[in-house]
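Read top to bottom, the protein sequences are chains A and B. Residue numbers for the first sequence follow my numbering, beginning at 4 and rising by one. Residue numbers for the second sequence follow my numbering, beginning at 9 and rising by one.
A couple of the hints might just be wrong.
[Stated by the list, open to error] The list that follows gives simulated cross-link-like pairs (lysine-lysine, DSSO-like), each with its CA atoms no further than 30 Å apart: (1) B:K259 / B:K187; (2) A:K43 / B:K164; (3) B:K164 / A:K21; (4) B:K137 / B:K149; (5) B:K148 / A:K251; (6) B:K164 / B:K187; (7) B:K259 / A:K221; (8) B:K36 / A:K199; (9) A:K90 / B:K259; (10) B:K164 / A:K136; (11) B:K36 / B:K11; (12) B:K45 / A:K221; (13) B:K11 / B:K129; (14) B:K45 / A:K43; (15) B:K11 / A:K221; (16) B:K36 / B:K137; (17) B:K24 / A:K136; (18) B:K164 / A:K251; (19) B:K19 / A:K221; (20) A:K177 / A:K301; (21) A:K221 / B:K129; (22) B:K187 / A:K252; (23) B:K164 / A:K252; (24) B:K148 / B:K164; (25) A:K136 / A:K252.
[What the hints assert, rightly or not] Taking CB as the label site, the calculated pair distances span: (26) A:Q298 / B:S264: 52 to 58 Å; (27) A:F215 / B:S266: 32 to 38 Å; (28) A:Q298 / B:G115: 49 to 55 Å; (29) A:G44 / B:M9: 45 to 51 Å; (30) A:Q180 / B:S56: 50 to 56 Å; (31) A:A125 / B:D111: 35 to 41 Å; (32) B:P99 / A:A72: 51 to 57 Å; (33) B:E160 / A:A22: 41 to 47 Å; (34) B:K187 / A:K251: 17 to 23 Å; (35) A:R333 / B:R242: 53 to 59 Å; (36) A:A122 / B:K259: 17 to 23 Å.
Since the hints were made in silico from the structure, they are not lab data. All values reported here derive from a predicted model rather than from experimental measurement. Glycine is no exception: its CB is placed at the ideal position from the N, C-alpha and C atoms.
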Amino acid sequence: MKTIAIDRLPDLAQALSKAGYRVVAPVDEGGVVRLREWTKGLALALDAVPVNSVKDVLFPRSEVVARFALEESGGFTPAPLERSAPKTVVLCARPCDAAALSALDAVFNWDYRDGSYNARRAATTVVSLACFKADEHCFCTSVNGAPDGTAGADALLRPADGGKKLVFEALSDKGRQLEAMVSDGQAVPDAPAALKRRFDSAAVGRWLASNFESPFWKEAALACLGCGACAYACPVCHCFDLQDESDKKECRRLRNWDSCGFGLFTLHASGHNPRPDQSARWRQRVTHKFSIYPQKFKTFACTGCGRCARLCQAGMAIAETCERIEALGR
Amino acid sequence: MMKALREAAAKLLQEKRAVLVIGYADRKGRPAVFVSKPEDCGRLVYDSSCRQNLAAYLGKPELRARLPVAVVAPPAVLRSLVVLTAESQIPAGQVLALAVDHDAFLGVFDAAGAAELLRSKFPDLGPEKALLERVAELSKKSAAERAAFWAEEFAKCTRCYACRAACPGCYCSRCIVEKNAPQWVSTAALGHGNYTWNVMRAFHQSGRCTLCGACEAACPQGLPLMVLNAVLDREALAEFDARPGYDPEGKPVIGSWSAEDDHSYMR
């Protein structure tokens, strides 16, 4: 059995760093826990679900996907693009983050194999930390997950001996490559967080597939103010916008995160907007996650991490919407 | 207090002076709740944990289609309602305020009444002590240190625009950050684009911001946006005697011009 004392996690981070990995880990930055590049001396913040997810490592919020040198004549020539895919370990990701990877893999390899995403995915090892507690926004057990779920992870750290130690369980070849950095030991694993299932996601999907025009949506989305906070924090949301930005010498094609919560997202050049109000946009968000995505990719586009509800000032909570939908379907 | 608020809201709905009451819900986090039936007014609540500025909903087309409305409004929200009136964003007589403060229900007011209430009962609303301390703390730093501080903070911005959505003053149907012919602000959630966006957002609020704190509360990344707002509030007050939210006919500093303004910077 491989074990590590929980207060020795920075040592493991340091060992990984020495072995040539970029280490990304949850760090408390002035009260906001964020997955960020770990550097020596930083403590790992394990008590809160970080505000961002592993998605940020694989699919950054803004990325240059093409460059063009501009000529005075008005012409242009494509310029070489350096792709950055450093060898990375995400240390103490959440099982709900790792679970998102199959949903992301599916879309980034669907009709087009996305080079940047796949290069980073291949270079990234995800070490999850099983959750020993859940808060009122967590609902992984409603979307086929578990507080100690292993889906998508290369290794799992399981709290043991009353939270004093962690048991390291390798789950893939990438995970096994890290085994040598953890010593042998003995520990009794703790029970993972107990989390009651809040809704039947399959039943929600069935209702969604045939209630596009339900008056439910008008009331359900009244509080939504139409920002992108939920989509950007979501470990699965992956919509992006392409923008060309240039100075006199060069044009850069940017891929920026985008959100179906924005009115601009579907606005046509003609002025027509097929999703004319926030209820249509909230319906899209919920329907995409629980009906369209499972039909297309056999997985929900939601892992129950609860980030969206945790940070929404307007109190929009997708689990609550799903509970109401399940009740409507009965 | 809660009883008086709920009764007043129910009465407005009964008398059809409002078809919808926008208030704070009696649940954790105190999110917005929309009540259209008098018998549902028991869902309304107000206490110090209410963080949203409900006047932000007046810019939402779905709610503008359901006028007249009444809005539960602590002093900063009352000021926002007056600012929106001064900026012609509220159809006359279509929005009423259910004024609240700490543990008191203060009554039902239209924009003129709200301004009068503010002038008599809350004549000097400004940044709270804790916010002034944050500003003072930052002011001790050198210009280079401050620039480094903001660069580090703005680097965290993901451009989700939760700050904009939470703010009643951000009601433009097409924000300048989304204009691309020409493109004024880089769309990349990085470096100078983030810097420009955050500073520009704050500048557009100068002399209009009511210091409600909703933008900062809404920021998932915890950016200290109120520090920017407080500094601009101070400058707009010192330079232009801007007291947003006290006069429903007052002209916003950023939207007006006077021959008496200081033009010495133009050379």
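Problem set entry | Hint consistency between K177 of chain A and K301 of chain A [alpha-carbon to alpha-carbon, up to 30 Å] | Given that 30 Å is the threshold and the Cα spacing comes to 25 Å, the pair holds.
Problem set entry | Satisfaction of hint between K164 of chain B and K43 of chain A, Cα-Cα up to 30 Å | It holds: about 20 Å lies between the C-alpha atoms, which stays within 30 Å.
For this session: Starting from K36 of chain B, check that the Cα of K137 of chain B is at most 30 Å away, please.
Result: holds, 26 Å
Exercise. Are the Cα atoms of K11 of chain B and K129 of chain B separated by 30 Å or less?
Worked result: holds, 22 Å
Exercise. Could one say that the CB atoms of E160 of chain B and A22 of chain A fall in the range 41 to 47 Å?
Worked result: violated, 29 Å
Exercise. Given the proposed pairing of K19 of chain B with K221 of chain A, does the C-alpha separation stay at or below 30 Å?
Worked result: holds, 25 Å
Exercise. Does the Cβ-Cβ separation between K187 of chain B and K251 of chain A fall within 17 to 23 Å?
Worked result: holds, 20 Å
Problem set entry | Given pair status - K221 of chain A, K45 of chain B, alpha carbons within 30 Å | holds, 16 Å
For this session: Given the hint that K259 of chain B pairs with K221 of chain A, test it: the Cα-Cα distance must not exceed 30 Å.
Result: Since the Cα atoms of K259 of chain B and K221 of chain A sit roughly 36 Å apart, the hinted pair is violated (cutoff 30 Å).
Exercise. Does the Cβ distance between G44 of chain A and M9 of chain B fall inside 45 to 51 Å?
Worked result: Holds: the Cβ-Cβ distance is about 50 Å, inside 45 to 51 Å.
Problem set entry | Straight-line alpha-carbon gap K36 of chain B to K199 of chain A, limit 30 Å | Satisfied, since the Cα-Cα distance of roughly 20 Å is no more than 30 Å.
Exercise. Within 30 Å, alpha carbon to alpha carbon, are K164 of chain B and K251 of chain A?
Worked result: Distance ~28 Å between K164 of chain B and K251 of chain A Cα, so the pair holds.
The structure fails to meet hints 5, 7, 9, 14, 17, 21, 25, 27, 31, 33, 36 from the earlier list, while all remaining hints are met.
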